[in-house]
Amino acid sequence: MAVKTFTIDGQQFSAQEGETILQVAREHNIPIPTLCFLEGLSEVGACRLCLIQVEGNNKLLPACTTKVEEGMVVHTNTEKLKKYRRMTIALLASEGNHVCAVCVVNNHCELQNLAYEVGLVRVRYPYLFPKKELDATHKRFVIDHNRCVLCTRCVRVCDEVEGAHVWDVAGRGIDCKIVTGLDEPWGDAETCTSCGKCVLVCPTGTLFEKGVTVAEMEKQQDFLKFLVNARKKREWVYEE
Amino acid sequence: MSETITISPVTRIEGHAKITIHLNSSGEVEDARFHVNEFRGFEKFCEGRLVWEMPGITSRICGICPASHFITSAKAGDDILSIGIPETAEKLRRLMTLAQWVQSHALSFFHLSSPDFLLGFDAHPAKRNIFGLLEFDKEFARRGIRLRKFGQEIIEMLGGRRIHVPWAVAGGVRQPLEEIEKNQILSWYPEVKETAKLALDTLKTIHIKFQREIPSFGNFHSLFVGLVGENGALEYYDGNLRIMDSAGNIIADKLDPKKYFNYFGEATESWTYLKFPFYKPLGYPKGFYRVGPLARVNICDFIETPLAEQERKLFKTLAGSSEAVNNSFYYHYARLIELLFAIEKIEELMHDPGILGKHVRAKAEINSLEGVGASEAPRGTLFHHYWVDENGVLKKSNLLIATAQNNIAMNRTVRQIAMQFIERKKITEGILNRIEAGIRCFDPCLSCSTHAMGKMPLEILLIDENNNIIERKLR
Chain A
1 MAVKTFTIDG QQFSAQEGET ILQVAREHNI PIPTLCFLEG LSEVGACRLC
51 LIQVEGNNKL LPACTTKVEE GMVVHTNTEK LKKYRRMTIA LLASEGNHVC
101 AVCVVNNHCE LQNLAYEVGL VRVRYPYLFP KKELDATHKR FVIDHNRCVL
151 CTRCVRVCDE VEGAHVWDVA GRGIDCKIVT GLDEPWGDAE TCTSCGKCVL
201 VCPTGTLFEK GVTVAEMEKQ QDFLKFLVNA RKKREWVYEE
Chain B
1001 MSETITISPV TRIEGHAKIT IHLNSSGEVE DARFHVNEFR GFEKFCEGRL
1051 VWEMPGITSR ICGICPASHF ITSAKAGDDI LSIGIPETAE KLRRLMTLAQ
1101 WVQSHALSFF HLSSPDFLLG FDAHPAKRNI FGLLEFDKEF ARRGIRLRKF
1151 GQEIIEMLGG RRIHVPWAVA GGVRQPLEEI EKNQILSWYP EVKETAKLAL
1201 DTLKTIHIKF QREIPSFGNF HSLFVGLVGE NGALEYYDGN LRIMDSAGNI
1251 IADKLDPKKY FNYFGEATES WTYLKFPFYK PLGYPKGFYR VGPLARVNIC
1301 DFIETPLAEQ ERKLFKTLAG SSEAVNNSFY YHYARLIELL FAIEKIEELM
1351 HDPGILGKHV RAKAEINSLE GVGASEAPRG TLFHHYWVDE NGVLKKSNLL
1401 IATAQNNIAM NRTVRQIAMQ FIERKKITEG ILNRIEAGIR CFDPCLSCST
1451 HAMGKMPLEI LLIDENNNII ERKLR
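So the protein sequences, as listed, match chains A and B.
Sequential numbering from 1 applies to the first sequence in my numbering.
Sequential numbering from 1001 applies to the second sequence in my numbering.
In case anyone wonders, no lab produced these hints; they're calculated from the structure.
Every residue, glycine too, gets a C-beta built ideally from N, C-alpha and C.
Worth double-checking, as some hints may not be accurate.
From the derived model, a few chain B residues whose C-beta atoms are all more than 12 Å from chain A [said to hold, decoys possible]:
{"#": "1", "residue": "Phe1045"}
{"#": "2", "residue": "Thr1058"}
{"#": "3", "residue": "Ser1059"}
{"#": "4", "residue": "Ala1123"}
{"#": "5", "residue": "Arg1143"}
{"#": "6", "residue": "Glu1178"}
{"#": "7", "residue": "Pro1190"}
{"#": "8", "residue": "Ile1251"}
{"#": "9", "residue": "Lys1259"}
{"#": "10", "residue": "Gly1354"}
{"#": "11", "residue": "Ala1364"}
{"#": "12", "residue": "Leu1461"}
If you anchor each label on the Cβ, the simulated ranges turn out as follows [as the list claims (entries may be wrong)]:
{"#": "13", "chain 1": "B", "residue 1": "Leu1356", "chain 2": "A", "residue 2": "Gln220", "range": "46 to 56 Å"}
{"#": "14", "chain 1": "A", "residue 1": "Lys139", "chain 2": "B", "residue 2": "Gly1041", "range": "45 to 55 Å"}
{"#": "15", "chain 1": "B", "residue 1": "Asn1398", "chain 2": "A", "residue 2": "Glu95", "range": "25 to 35 Å"}
{"#": "16", "chain 1": "A", "residue 1": "Ser42", "chain 2": "B", "residue 2": "Lys1363", "range": "47 to 57 Å"}
{"#": "17", "chain 1": "B", "residue 1": "Gly1063", "chain 2": "A", "residue 2": "Lys80", "range": "55 to 65 Å"}
{"#": "18", "chain 1": "B", "residue 1": "Lys1254", "chain 2": "A", "residue 2": "Glu209", "range": "35 to 45 Å"}
{"#": "19", "chain 1": "A", "residue 1": "Glu95", "chain 2": "B", "residue 2": "Phe1045", "range": "31 to 41 Å"}
{"#": "20", "chain 1": "B", "residue 1": "Asn1467", "chain 2": "A", "residue 2": "Arg124", "range": "41 to 51 Å"}
{"#": "21", "chain 1": "A", "residue 1": "Pro130", "chain 2": "B", "residue 2": "Asn1231", "range": "47 to 57 Å"}
Using the sequences and the accompanying hints, generate a full structural model.
Below is the structure:
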């Protein structure tokens, strides 16, 4: 496989063809904020937080899906990018009902941490206060659509790792939402194995365990790397 | 002829209010009203949330007494789970309630009311506050601040921080108490006990100093309502409801607090967001009642701890020929008796080996679609009532808050003080402050009771018989 040479923020790097800018940046500790990206799941470039600038291209590109190219000149931390990242988090905050003070993942929330990271001090867009629902029909878990940022991690982990594909996305634009099965109550979804992977990968307090209270839910996501590695190495496949 | 005087905000109360004083054609005070003009609406926006989240959400109602809300909310949750909580969890919840009493009562007396008492009702408004008090008597103010700190530190030890602690949960509490924390609490003794006694001694001198004010500071007949223990003792966490009349007769006893809606109705008036609860058998407004320290110390048969019981007996002598103390000024006295009780009781709990148990949380599914929690908040009996679906999602909630239950009594107090002190349509600064101080006897928390934002302006309107505003003061 060909090796590509390029620069990120003025530093020269080389990587295998097919690797993404985000992969290279992570390997070399170059911070690029992400939200929908989670190592072990496919990349969808949906949240637009990992946007980067590539010289010669007037579009901003998501680092998680942009592959390295020979001679590429990449910038990850320009004033323009910082502004757009703040704007993205502000828009996410204004279109949902995110009330950190009473949220189950307060202090353990990726959205909250990102807001701190990008330096969001106020949301200048009017809050939409959409009327969204909470589905507590599952025996062990709850989905609160008020806190959903539509990162689709739950959809991908259920499909790609668990293989159940309970979750999907329905609707368009502002009406877009995560649905169970064919938009039925979670408790009625026969395909759900109650494995809880979706709950653990959810970056916000949207998916949580029933019975937890404010700031009590901490999500351990290490399981995903372990599962994906084991699968890649066929650790559980015994051939005669 | 007409003039507007502005006083803003109303000082040293929790919440947002105004007072209107209505005059008849001869310029005498005909009526006075205490208006609470903010609305917060927790009852509505809790709908659709899970019962497990409710202690965390309702603790946000108030920054002064969040513990009362989350404990009462957790009790309503226990009822919905139909669960008996572990013994240690109950002891810890009791400890939390007492710590809440200490910090809130200390705040009410030292920070909010004692500037009036020590500096005088007519002192300069810029001085009538905790800073003025620090200048006047540094040691007294410092002791008051430290006493409040004692309560706050216990709250922080248990819940990790001082306000809005998401600590009590349906089924128990989140963390046990550690031995080292217990010892830290005990290290505050005897300082805190001495401060409580100092407060009581100071208040007794105030009783002599304010002979002119006291007789008209909400001195009227009403019912008294509160929880008492199974044995008739002063109660703060559990127990049954007792209702006493102004002569000290117990007119209802051992009422199940979970059936509060059978005994109390809520009336509304167009001029305030604060509802008017009343005792149903007597109707509105005749069945109005008082809750809080004055009611609790009046209705209980005894107090379990020795020093507080000694004070309770002295307090009862103020009732004269009656068995109940009817003057609202003595809320302060009752509050300090409770403060002393809370300090003594915390010490007693610290010596209970059961307080250090590690099993503090029971878990269960939804077993009942309706649940009520009741406890004694610093300001009076607090009820949280939730209706849920089979998944634990709130369909409806009703919060009956202590301050609301004192609403009619606060209105009467304002009227009585206005009638006593306003002469010839003239409001002086000192009179205004006396009217405010009447409200402060009840230590109202308007942010709690209306679910209103916690700004604190007080507006006083002087209105003549044709509804013209003669004077308007905003602070």
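Run the structure past the numbered hints and jot down the numbers of the failing ones, going up.
Per hint list: 1, 2, 3, 11, 13, 14, 16, 17 and 19 violated.
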